[in-house]
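Sequences listed follow chains A and B, in order.
In terms of the UniProt record's numbering, the first sequence has 6 at position 6, counting the first letter as 1, and numbering is strictly consecutive.
In terms of the UniProt record's numbering, the second sequence has 5 at position 5, counting the first letter as 1, and numbering is strictly consecutive.
Below, in silico cross-link-like pairs of lysine-lysine (BS3-like), each with a Cα-Cα straight-line distance of 25 Å or less:
#1 A:Lys45 / A:Lys106
#2 A:Lys118 / A:Lys106
#3 A:Lys105 / A:Lys118
#4 B:Lys154 / B:Lys140
#5 B:Lys44 / A:Lys106
#6 A:Lys45 / A:Lys105
#7 A:Lys45 / A:Lys118
#8 A:Lys45 / B:Lys44
#9 A:Lys105 / B:Lys44
For the record, the hints were derived by calculation from the structure and aren't laboratory data.
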Amino acid sequence: MTRVHDMGGRYGDGTITPEPEDGVFHTDWHARALAVTLAAGSLGKWNIDVSRHARECLAPTDYARFSYYEKWISGLANLLVETGVLTREELAGQGDPAPSPLADKKMTADQVAGVLAKGGPADRPSNTAPQFEVGDVVVTRKIAANRLVDGGHTRLPVYAAGARGRVLRLHGTHVLPDSSAHRLGDAAEPLYAVVFPASELWSHPEHPRDDVVLDLWQSYLEPEA
Amino acid sequence: MDKVTALLQSRAMPHDHSHDDPHALLPSDPALRVKALETLLTRKGLIDPAALDEIIDTYENRIGPRNGARVVARAWLDPAFRAALLEDATAVVSDLGFYGRQGEHMVAVENTEAQHNMVVCTLCSCYPWPLLGIPPGWYKSDAYRARVVREPRKVLADFGVTLPSETAVRVWDSTAEVRYLVIPQRPAGTDGLDEEALMALISRDSMIGTALASAP
Numbered sequence: 001m002t003r004v005h006d007m008g009g010r011y012g013d014g015t016i017t018p019e020p021e022d023g024v025f026h027t028d029w030h031a032r033a034l035a036v037t038l039a040a041g042s043l044g045k046w047n048i049d050v051s052r053h054a055r056e057c058l059a060p061t062d063y064a065r066f067s068y069y070e071k072w073i074s075g076l077a078n079l080l081v082e083t084g085v086l087t088r089e090e091l092a093g094q095g096d097p098a099p100s101p102l103a104d105k106k107m108t109a110d111q112v113a114g115v116l117a118k119g120g121p122a123d124r125p126s127n128t129a130p131q132f133e134v135g136d137v138v139v140t141r142k143i144a145a146n147r148l149v150d151g152g153h154t155r156l157p158v159y160a161a162g163a164r165g166r167v168l169r170l171h172g173t174h175v176l177p178d179s180s181a182h183r184l185g186d187a188a189e190p191l192y193a194v195v196f197p198a199s200e201l202w203s204h205p206e207h208p209r210d211d212v213v214l215d216l217w218q219s220y221l222e223p224e225a
Numbered sequence: 001m002d003k004v005t006a007l008l009q010s011r012a013m014p015h016d017h018s019h020d021d022p023h024a025l026l027p028s029d030p031a032l033r034v035k036a037l038e039t040l041l042t043r044k045g046l047i048d049p050a051a052l053d054e055i056i057d058t059y060e061n062r063i064g065p066r067n068g069a070r071v072v073a074r075a076w077l078d079p080a081f082r083a084a085l086l087e088d089a090t091a092v093v094s095d096l097g098f099y100g101r102q103g104e105h106m107v108a109v110e111n112t113e114a115q116h117n118m119v120v121c122t123l124c125s126c127y128p129w130p131l132l133g134i135p136p137g138w139y140k141s142d143a144y145r146a147r148v149v150r151e152p153r154k155v156l157a158d159f160g161v162t163l164p165s166e167t168a169v170r171v172w173d174s175t176a177e178v179r180y181l182v183i184p185q186r187p188a189g190t191d192g193l194d195e196e197a198l199m200a201l202i203s204r205d206s207m208i209g210t211a212l213a214s215a216p
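Start from the sequences, fold in the hints, and give me the full structure.
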């Protein structure tokens, strides 16, 4: 039903180690991993939801033992083969790599600033009208799973499934990751910030007035029964 | 055998639990794994190493938490700016030139005596890059992602922060493409300080919510 990345609320992870603000990358290969991933993304063979799903689909044992940027580079390698950009043989270092028909899409150094500044907004026009207003009480789907694809990508965490919350704001209409991650179209729909009392999510909340806000698509939500 | 072939052939045995995954064809050492992929993509004409250098330089030297600190300092100084930021952060930070990748839809949330805000992405590592740069290691760690939604006050204790018992904690889990910036409370004793002086009090962590703004 769920995948290893969906860890909100999990027990047993231990203390967090703060770190100073300088030193963006701990080692050179972290920086290269980030840059290779961004540069490969600009080839246009996948969107952000496809790339997130590729990382989430790493075997749970790999996901747990890999450091952050190892997940990135491993998800990227899988994606490059899945999309036919690279062959398994090329990845394995067998023979000379063939020139790619995508080479004309290569991001050059002088294009970097423009690409990063342009970003990739996720809001889209939608024919789905907002069903909820700010202040409405809503209940999240009981099962935090993709309805379109078994084992597919979704952005409803398990810890917030079947929970009762209140609409805090409407963000407009955004690409639905559950569809986009599987190349089934943008399927944009209303996106809301929904606030849940901590007591709705946890058996032993730390404080009676604490709460958690999640951004949730309309199809993740149902009206209060 | 050239250098690249040697590099690619230096890979360890594939892992038995995921031996079909293409990534297992790469060297197991992470630095070699990245180098092998970069080299292969470069040889296929898909990646320009100079572009990678440019991306890295951007996030090491040009886009980072000083952008966010400028926004917060200005919000502390200018009530009209603060009101506009809380109303439409994307428009306001765009005017300052802080729009871009991983900051396309911005929301600013303000700490008060009554409520302290913290930001996380439990599902991956979503973070407002144009304002805060690349997230620190702890933000991407399993421990932070797993714990902060359930026990934010214990997480704050790891950062040496204790909140008054009357302050509620609101944790924002960045599950969509909306990115959140925390506006920390302005410390006492900062009347008369200008934007640059205030910025020195505003740490990266205070804009994620795991720290408070520093006293002058």
